Amino acid sequence: MPEPHYQELVCAVARAIPSGRVSTYGAIAQFLALGSARMVGWALHQNRCHAPAHRVVNRKGELSGRIHFHTPTMMEELLRAEGVEVEQHQVVHFSTLFWDPSIALGDNWEPIL
DNA sequence: TGTTTGACCACGG
DNA sequence: GCCGTGGCCAAAC
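Residue 9 is where the first sequence starts when you use my numbering, and the numbers rise one by one after that.
Heads up, some of the hints might be wrong.
Straight-line C-alpha distance at most 20 Å; calculated SDA-like pairs for lysine to any residue [stated by the list, open to error]: (1) Lys68 - Ile120; (2) Lys68 - Leu86; (3) Lys68 - Arg88; (4) Lys68 - Phe106; (5) Lys68 - Ser44; (6) Lys68 - Cys57; (7) Lys68 - Leu105.
Derived CB-CB ranges, DEER-like [stated by the list, open to error]: (8) Met82 - Arg56: 15 to 21 Å; (9) Gly34 - Asn116: 18 to 24 Å; (10) Arg88 - Arg23: 16 to 22 Å.
Derived from the structure by calculation, the hints contain no laboratory data. Remember, predicted model here, so these are calculated numbers, not experimental data. Ideal Cβ placement from N, Cα and C applies to all residues, glycine included.
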């Protein structure tokens, strides 16, 4: 069995983010205990998997990845469609909407590839 | 082949 | 709070 690539792990975690919630690059990197927040950004930029990348924001709740969507407003619209309020490219009530994979998935989670 | 870059973040001052 | 810095490591050049 080949070892899963970093991208696939990131995708698997991103797919686990519930609709209406958001997570961060750093939280995913820390949860995987591999690579770094930059690597998570890189992995999502590859965009090979079908992961809800719009639910991943930076640690301040800013939509730092919006530039890389098909249109600059796409990320915001997707979030709003899920009930997430966005103002000035930033998630409103970010601290309460934040979804921490290490809490939700625990230490023994195995990726679904 | 080395260097720079990047959807980032923790840390120290 | 805001800086500057270091670190992470694959890709692009």
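Open item on the list: Hint check: Lys68 vs Ile120, CA-CA at most 20 Å. Holds or violated?
Closed with: violated (28 Å)
Open item on the list: A range of 16 to 22 Å was offered for this pair. Does it hold for the Cβ distance of Arg88 and Arg23?
Closed with: holds (20 Å)
Open item on the list: For a C-alpha distance cap of 20 Å, please report whether Lys68 and Leu86 respect it.
Closed with: This hinted pair holds, its Cα atoms lying about 19 Å apart.
Task: Straight-line alpha-carbon gap Lys68 to Leu105, limit 20 Å - done: Distance ~12 Å between Lys68 and Leu105 Cα, so the pair holds.
Open item on the list: Does the beta carbon distance between Gly34 and Asn116 stay inside 18 to 24 Å, or does it fall outside?
Closed with: At roughly 21 Å between Cβ atoms, Asn116 and Gly34 fall inside 18 to 24 Å, so the hint holds.
Task: Assessment of proposed distance window 15 to 21 Å (beta carbons of Met82, Arg56) - done: Check passed, 18 Å falls within 15 to 21 Å.
Open item on the list: For Lys68 and Ser44, compute the direct alpha-carbon distance and say whether it is at most 20 Å.
Closed with: Holds, at roughly 17 Å.
Open item on the list: Check whether the Cα positions of Lys68 and Cys57 lie no farther apart than 20 Å.
Closed with: Violated: Lys68 and Cys57 sit about 25 Å apart, past 20 Å.
Open item on the list: Lys68 and Arg88 were given as a pair; does the straight-line alpha-carbon distance stay at or below 20 Å?
Closed with: Measuring from Cα to Cα gives roughly 18 Å; hence the hint holds.
Task: Pair hint outcome, Lys68 versus Phe106 [Cα-Cα no greater than 20 Å] - done: holds (10 Å)
Against the hints set out earlier in the document, violations occur for numbers 1, 6.
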